[in-house]
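S.K.: Here the working numbering is used: the first residue of the sequence shown is 1, the next is one more, and so on.
Everything labelled a hint here was simulated from the structure, so no lab data went into it.
Treat the numbers as computed from the prediction; the structure is a model and nothing was measured.
Where is the CB? At the ideal position from N, CA and C, for every residue including glycine.
Heads up, none of these hints are tricks.
Straight-line C-alpha distance at most 27 Å; calculated DSS-like pairs for lysine-lysine:
(1) K83 to K55
(2) K19 to K5
(3) K88 to K19
(4) K255 to K319
(5) K83 to K261
(6) K88 to K27
(7) K5 to K59
(8) K194 to K321
(9) K83 to K27
(10) K304 to K250
(11) K182 to K117
(12) K182 to K220
(13) K98 to K5
(14) K6 to K88
(15) K11 to K59
(16) K50 to K19
(17) K182 to K319
(18) K219 to K202
(19) K303 to K19
(20) K27 to K55
(21) K83 to K59
(22) K307 to K255
(23) K315 to K261
(24) K98 to K255
(25) K5 to K84
(26) K194 to K307
(27) K83 to K98
Using C-beta positions, here's what the derived DEER-type ranges look like:
(28) M264 to K98: 28 to 34 Å
(29) N192 to K250: 35 to 41 Å
(30) K98 to R279: 21 to 27 Å
(31) E308 to E12: 40 to 46 Å
(32) Y136 to D54: 17 to 23 Å
(33) R123 to F48: 32 to 38 Å
(34) N192 to Y136: 21 to 27 Å
(35) K55 to I268: 36 to 42 Å
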Amino acid sequence: MNFIKKENYRKENHFIPEKTGIFIFYKEEEPLYISKSSNLRQSINSLFRKSAHDKNIFKLISLTDAISWETTSTLFSSLVEEKKFLSKQRPEFNLQIKPFADYVYLGIDFQRVPYFKIENDTRGDRFYLGPFRNRYFLYDFLDTMSELFRYPACENEEFPCWRLKKKICDGFCVQDSAMITKIIMENYLQPNEKIVAELSEKAENLASDLQFEKAELLKKQTNILSRYYRILKFLFVCKNLTLHFEENEKTFHIKDGLLEKIEMSEQIYDFPIFTPEYRSNELLAIEKSQLDEMWIIFQHLYKKDSKEIDRIFAKSISKFKNSILS
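Required output: the full structure, derived from the provided sequences and hints.
M.R.: Have a look at this one:
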């Protein structure tokens with residue numbers, strides 16, 4: 001492990017690498033907080049910035065006298081090291097600091113305006129998917145779908161709204177609800193790779209015609225759709241991900257998208273898994289606190305065996321369609 005004293009942090013933080021790994025905040029050699037990171041320097045710097053407006057982080061920074069870090073080859077390795085550490089001891093601020101607190105869900109109503117609503121939880125009667133780390137990404141996605149295809153981006157329960165009057169929406173609120181249901185199913189609740197491919201080709205054609213500004217905008221919008229569909233694919237797969245695999249002379253057991261056990265030559269780590277009871281409108285929703293671990297595992301396994309992930313996805317989406325349409 002590498003160490004730096006907090007009193008020297010401002011002038012020496014450039015020594016902290018911008019690599020994956022884990023870091024630990026200490027007070028008199030007692031760990032206060034541990035976290036995995038895809039970029040050690042950025043994550044530690046972020047905590048110092050957030051201390052200005054988060055009382056728990058402020059207290060953590062105030063008590064800290066030293067910071068240690070260790071790089072890892074992958075983010076999955078960082079997750080493993082973090083879970084191994086937390087299986088032996090639970091630092092005080094790992095219970096108080098909740099990085100997932102501001103994650104949000106997309107709530108969908110197939111019948112009523114607004115059809116899409118960004119929610120902090122899944123307690124209502126909408127159909128929920130997520131969570132998403134950034135609510136502004138969801139705003140960008142909904143706006144992009146509206147700008148490209150004139151799909152709804154309703155802001156409240158009043159309809160018809162100014163979007164229909166300005167003819168930037170096709171007014172699904174005053175049409176048969178079967179139409180918006182079909183659009184939601186085909187474009188919001190399953191990855192539409194055909195749309196992404198067509199938009200990518202259109203952006204290339206615009207660039208070839210020297211319409212660079214339009215090409216750049218369309219490329220940005222296409223990237224937003226691609227990112228949303230990537231997350232959607234993850235949501236279809238994660239709760240159905242139960243398998244084991246070998247790596248670096250270790251056997252990793254995954255259950256319901258979470259790391260359940262690590263078998264090593266001389267030691268076994270067991271990690272208790274909390275499996276929530278999900279309602280029928282939460283088929284594509286998971287616990288906020290489980291998102292980061294599930295996402296890291298999904299990404300790692302997709303790199304190792306994309307065909308297996310695609311197989312699980314195909315099976316899950318088929319089951320989903322049968323369930324949602326029954």
